[in-house]
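S.K.: Starting from the given sequences, assemble the full structure and let the hints guide the process.
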Amino acid sequence: MSAADIPSPVTWAAVIEHPGADPVRDRHVYSAPGVRALIVPVPSGDAAAEVARALVDEGVSLIELCGGLTSAHVAAVQAAVGDRAAVGHVTFSSEALQRAAAYAGAAGAAG
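Heads up: the sequence shown is residues 144 to 254, going by the working numbering.
Since no wrong hints were added, every one of them can be taken at face value.
Each pair of labels, with its calculated beta carbon distance range:
hint : residue 1 : residue 2 : range
1    : R196      : R242      : 25 to 35 angstroms
2    : A197      : P152      : 13 to 23 angstroms
3    : A250      : A222      : 24 to 34 angstroms
4    : P152      : A215      : 25 to 35 angstroms
5    : G202      : G248      : 34 to 44 angstroms
Hint data in this document are derived by calculation from the structure and do not stem from the laboratory.
We treat Cβ as the ideally placed atom computed from N, Cα and C, and that holds for glycine.
M.R.: What follows is the structure in structure tokens.
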């Protein structure tokens with residue numbers, strides 16, 4: 144994919160895991176001149192690839208996956224979208240791992 148292949152406005156999505164979420168109903172959209180950003184929750188990491196494929200079909204050209212998703216989930220998303228979108232994955236520094244784990248535990252308990 145080259146810069147010429149990316150539609151305007153540029154549309155990107157942050158995919159986050161949230162138990163019980165509906166990726167269509169619960170998404171948030173931010174629009175500004177030249178950019179459209181989506182925050183899209185998935186009910187589990189296992190749903191991320193299917194949701195990512197649908198997002199690309201909607202015109203998303205970059206997908207950023209939350210750090211709570213596993214490397215296997217990331218690989219499944221990359222396989223699902225192929226070269227139709229760039230896929231990134233948030234990682235945490237060693238200093239942030241304890242807080243990230245606490246967040247994951249609290250989010251899981253709330254879901």
